[in-house]
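J.: Protein sequences appear in the order of chains A, B and C. Taking my numbering as reference, the numbering of the first sequence is continuous, increasing by one, and the terminal residue is 176. Taking my numbering as reference, the numbering of the second sequence is continuous, increasing by one, and the terminal residue is 810. Taking my numbering as reference, the numbering of the third sequence is continuous, increasing by one, and the terminal residue is 938.
Errors might be hidden in some of the hints.
Chain B regions said to be covered by chain C (calculated; three or more residues, Cβ under 8 angstroms) [claimed, not checked]:
| # | segment |
| --- | --- |
| 1 | 413-421 |
| 2 | 564-572 |
Per label pair, the in silico range of CB-to-CB distance [claimed, not checked]:
| # | chain 1 | residue 1 | chain 2 | residue 2 | range |
| --- | --- | --- | --- | --- | --- |
| 3 | B | 626 | A | 17 | 35 to 45 angstroms |
| 4 | A | 108 | C | 836 | 40 to 50 angstroms |
| 5 | A | 136 | B | 626 | 33 to 43 angstroms |
| 6 | A | 167 | B | 497 | 37 to 47 angstroms |
Here are the computed lysine-lysine pairs in the DSS-like style, where the Cα-Cα straight-line distance is at most 25 angstroms [to be verified]:
| # | chain 1 | residue 1 | chain 2 | residue 2 |
| --- | --- | --- | --- | --- |
| 7 | B | 600 | B | 648 |
| 8 | A | 100 | A | 31 |
| 9 | A | 31 | C | 841 |
| 10 | A | 112 | A | 100 |
| 11 | B | 702 | B | 739 |
| 12 | B | 623 | C | 846 |
| 13 | A | 31 | A | 60 |
| 14 | A | 145 | A | 112 |
| 15 | B | 702 | C | 840 |
| 16 | A | 60 | A | 171 |
| 17 | A | 84 | A | 2 |
| 18 | B | 623 | C | 841 |
| 19 | C | 840 | B | 623 |
| 20 | C | 841 | B | 702 |
| 21 | B | 375 | A | 2 |
| 22 | B | 702 | B | 727 |
| 23 | A | 171 | A | 146 |
| 24 | C | 904 | C | 841 |
| 25 | B | 572 | C | 904 |
| 26 | C | 904 | B | 657 |
| 27 | B | 649 | B | 601 |
Quick caveat, the hints were computed from the structure, so don't treat them as lab data. Beta carbons are placed, not taken as given, at the ideal position from N, Cα and C, and that holds for glycine.
Chain by chain, the residues:
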Amino acid sequence: MKRAYLIPFAVFVAIAVLLSKGLHLHPAEVKSPLIGKPVPNFSLQDLNQPGRTMTQDDLKGHVSLLNVWASWCTTCLAEHPYIKDFSNYPDVQFYSLNYKDTEDNAIQWLKKSGNPYMSIGFDVEGLVGMDFGVYGTPEAFLIDKKGIIRYKYVGMIDEQIWGDEFLPRIKLLVTS
Amino acid sequence: MIPEFGLMALIMAFCFAMVQSLCPLVGGIYGQRGLIVLGRQAVIGQFCCCLVSIISLSYAFIYSDYSVIYVREHSDHSLPLFYRITALWGGHEGSLLLWVTLLNGWGMWLALRTRDVNENFMAKIFCTLGWVSSGFLLFLLMTSSPFAREFVNLPLSGKDLNPILQDPGLAIHPPMLYMGYVGFAIAFAFSIAILIEGKFSRETATMLRPWVLGAWGFLTLGIILGSWWAYHELGWGGWWFWDPVENASLLPWLVGTALIHSVMACEKRGVLKSWVVLLGIISFALSLLGTFLVRSGVLISVHAFANDPTRGTYLLYYLALVILSSFSIFAWRGPRLTREGSFDFLSRETFLLFNNLILLVMMATILLGTLYPMLLDALHLGQISVGQPYFNAVFKPLAMLLIGAMAIGPLCTWQSMTLQKLLKKISKAFVVAAIIALLLTYFIFDKFYLMAFLGTFFSVWLCLSTLQSLFKKGFSFSRLKEHRSMIAAHLGVAFCAMGVTVTSYHGIERDVRMAPQETVQLGTYKVTFESTSPIEGPNYSGIGANFHLTKNNAHVANLQGEKRLYHVSQMPLTQAAIKPGLFYDVYIALGEVLNHGAWSVRIYYKPLIRWIWLGGLLMVAGAVLGLRRRGYRR
Amino acid sequence: MKILFFLFLLFFQLTGYGIQDNYPFTNEGKKQDFVKLTHELRCLVCQNQTIADSNAPLANDLRGQIYQQLELGQSIEEIRDFMVVRYGDFILYKPPLTVQTFMLWLGPFVLLGLASVWVIIFIRRQRR
Chain A
1 MKRAYLIPFA VFVAIAVLLS KGLHLHPAEV KSPLIGKPVP NFSLQDLNQP
51 GRTMTQDDLK GHVSLLNVWA SWCTTCLAEH PYIKDFSNYP DVQFYSLNYK
101 DTEDNAIQWL KKSGNPYMSI GFDVEGLVGM DFGVYGTPEA FLIDKKGIIR
151 YKYVGMIDEQ IWGDEFLPRI KLLVTS
Chain B
177 MIPEFGLMAL IMAFCFAMVQ SLCPLVGGIY GQRGLIVLGR QAVIGQFCCC
227 LVSIISLSYA FIYSDYSVIY VREHSDHSLP LFYRITALWG GHEGSLLLWV
277 TLLNGWGMWL ALRTRDVNEN FMAKIFCTLG WVSSGFLLFL LMTSSPFARE
327 FVNLPLSGKD LNPILQDPGL AIHPPMLYMG YVGFAIAFAF SIAILIEGKF
377 SRETATMLRP WVLGAWGFLT LGIILGSWWA YHELGWGGWW FWDPVENASL
427 LPWLVGTALI HSVMACEKRG VLKSWVVLLG IISFALSLLG TFLVRSGVLI
477 SVHAFANDPT RGTYLLYYLA LVILSSFSIF AWRGPRLTRE GSFDFLSRET
527 FLLFNNLILL VMMATILLGT LYPMLLDALH LGQISVGQPY FNAVFKPLAM
577 LLIGAMAIGP LCTWQSMTLQ KLLKKISKAF VVAAIIALLL TYFIFDKFYL
627 MAFLGTFFSV WLCLSTLQSL FKKGFSFSRL KEHRSMIAAH LGVAFCAMGV
677 TVTSYHGIER DVRMAPQETV QLGTYKVTFE STSPIEGPNY SGIGANFHLT
727 KNNAHVANLQ GEKRLYHVSQ MPLTQAAIKP GLFYDVYIAL GEVLNHGAWS
777 VRIYYKPLIR WIWLGGLLMV AGAVLGLRRR GYRR
Chain C
811 MKILFFLFLL FFQLTGYGIQ DNYPFTNEGK KQDFVKLTHE LRCLVCQNQT
861 IADSNAPLAN DLRGQIYQQL ELGQSIEEIR DFMVVRYGDF ILYKPPLTVQ
911 TFMLWLGPFV LLGLASVWVI IFIRRQRR
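Using the sequences provided together with the hints, build the complete structure.
T.: Have a look at this one:
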């Protein structure tokens, strides 16, 4: 009977251990279920070449980074100089998804701030974005040679994120 | 100067708290009576210092002293005076100061009310309270001082109070809720003192009961105010979202409810002693746990405070220290508390105990649901969400069991009873309730849902059998006087359950696009969007949308919803247009403005929604009536 | 004749209250499915809200998507799967019963069972 009096103590120790673990978790960062899966099929108008269609096949055969952006998104504008800079990196090709934008605004925006992308899928309704599980802009997907999504980052990519999160993964994907 | 004065007072309060926690210990060891009784004086000193501190901070708020960073972050001089004062608890630091002040307010009240009680016993209580309070004061001083100042680059205006907090409901909700949370500190201190004494007399139970009732009453009031505020301020007509912050307030409430009932059994019959002590510890432990969950950022919530990892770490250490030490005292001394009576399988005690356990299972369920996503994430088993549909599904059967036991329990006699007698007593109310529920479902509600029928039945049954306890060979006034507290509180639960059932299952919702002069049908009501007009508030401006509500072409009400833009923070806020009523609300929520002057509008018909809060108020009334009751011992 | 009457009713309906539901469903069952689904799915960009309760653009898009799929005859389960494939289990406020979540779903009832057993043992023991 006396041992039963220890139950509350034991239960609380378990809760406290969990809470101390919980302090170091980041519940708001949702991992994408698409990681390890092939890029969803899509076909979108390519803003870079009028009349051309961009599809999932464009993202195969090389390591690529697919950046989701829009002209109305202020973080995307802040991120853009970095993206232009990183796009000079030799082993990875930059593509993008123009999310819920208008054609005119997007083209104006690119004219003004520069265009580092091989192709730009024009996703006016955001439906392809939905297939990619996009929930905010900017978001970037790292895709391997076989067209399989390997990593997703939500938010602005700056020097530090690029160096810590992207570069090591790109190096690994290039050699594999 | 004044803010520094406030900070000094806070440091003084900490000194008093140290005196309060150390002197009785030292005095106890060396047998110095002078030191033992110092706790009582220290708690009064501590309260006065906290009061000075909170007044200094209010002064900074009233005169918008932007050199105080906390004032700058949470207020603005364009705010009406009332909200400039309530902005004090609009953020983490100030609300924590309020928390500590209220804790000492309870302590002082206890000190003043128990002058003729055994000194040694009270010294243990004040010592415990001193430790609790010094931990919080240290937390306040070390990580979250509300008096931090910065004189360079003084801004001309503040960042303003979050518009959703500029509402009378929310202005008084935190003080009430905190009164409840910290009120359980008294029960906690009693538990620790009882464990150290090693005996728990029925007199002590009598002394403890009003403090538990008081804390529980405040907590209930705080929760209802929060729910009512969420209903009319957060947009889509919900009154409970199972958000982690709401869950945090429900955890101590459930255990507090269990505590009230077992304290009564203990007082009346001298049973369940170590159980009472355990509940006393758990209820306060859950208050602390709630504080941690809300202020450390471990969970995603609509209303979490801006958080900072050092605060989380400190709070966790503090929490672990307080709770683990008290549970070890419980494990060590708990077995010494021996019972004075015993009871049979069929007795009021059994139902009380069973109810206690359902309440605890409910508490454990909320805790499980709230922490489970964290558990899976910590074990790298994926990220999941646990929300309303889960809690609703699991709580329905538990609530029915609880209400069933509530309906039967009070008709039982203490100690023992025969099954025949019990069945005879409960059968009438049971059958009548079933008939009423059937009639209601058939004639009033348009659709049949099994759960809605069961909910209605259990509510009516609880109501009838509660009223039945008033009769003993005819209506008896002495019974009304004796049981008024239980009757009010249990009827409150019945009302609340009825409101929840009917509003969840028999409401109507329409999501439409409306331009001025258009009309939409809602059951037997018609809502006409008449016009829009500009509005101008003290610190906001916006558009008002005017609606006209009719039933069978007869006028019912004119309503105005608002879309506000607050000047300083540039934050938008939507005020729903609500026609309140005892039997139904019509609730019009304004969505985005579409083209051609049309708006996206959601219109709800919410039957009996006010019964939820009305029931809550009845529960509070039950607590107040119970305070006046002298005792269960005869 | 019947058709004429029906058309008349329809016309009356349209002129009487020329109000468009934002999601005009062709039958009541679909409408209820819509309400059920939107209250079960989490708005990922919000702090802690369902997509029924949120005004965020993403929530609006997802409501539109659910509406279209329901009208196309998709079942609740199909739409739920559609969401999970894209956004993960995190989007479900009602986690499915799996190996990971069986403690979550069974926990309360297991506890209730244990508690009842404890009450019985406790009362028996103290009655002597």
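J.: Hint by hint, say whether it matches the structure.
T.: The hints, checked one at a time:
1. 413-421: Since 4 is at least three, the answer is holds.
2. 564-572: holds (count 5)
3. 626/B with 17/A: 35 to 45 angstroms: Given range 35 to 45 angstroms: holds, Cβ gap about 41 angstroms.
4. 108/A with 836/C: 40 to 50 angstroms: Because 41 angstroms falls inside the window, the suggested range holds.
5. 136/A with 626/B: 33 to 43 angstroms: 41 angstroms Cβ-Cβ, so the 33 to 43 angstroms window holds.
6. 167/A with 497/B: 37 to 47 angstroms: 44 angstroms, holds
7. 600/B with 648/B: 14 angstroms, holds
8. 100/A with 31/A: It holds: about 23 angstroms lies between the C-alpha atoms, which stays within 25 angstroms.
9. 31/A with 841/C: 31 angstroms, violated
10. 112/A with 100/A: 19 angstroms, holds
11. 702/B with 739/B: 22 angstroms, holds
12. 623/B with 846/C: 17 angstroms, holds
13. 31/A with 60/A: Holds, at about 23 angstroms.
14. 145/A with 112/A: Given pair residue 145/A, residue 112/A is violated - Cα atoms ~31 angstroms apart, limit 25 angstroms.
15. 702/B with 840/C: The given pair, whose Cα atoms are some 24 angstroms apart, holds under the 25 angstroms limit.
16. 60/A with 171/A: 17 angstroms, holds
17. 84/A with 2/A: Outside the cut-off at roughly 69 angstroms; violated.
18. 623/B with 841/C: 16 angstroms, holds
19. 840/C with 623/B: 17 angstroms, holds
20. 841/C with 702/B: 21 angstroms, holds
21. 375/B with 2/A: 17 angstroms, holds
22. 702/B with 727/B: Measuring from Cα to Cα gives roughly 6 angstroms; hence the hint holds.
23. 171/A with 146/A: 15 angstroms, holds
24. 904/C with 841/C: Given that 25 angstroms is the threshold and the Cα spacing comes to 20 angstroms, the pair holds.
25. 572/B with 904/C: Holds, at about 15 angstroms.
26. 904/C with 657/B: 46 angstroms, violated
27. 649/B with 601/B: The given pair, whose Cα atoms are some 12 angstroms apart, holds under the 25 angstroms limit.
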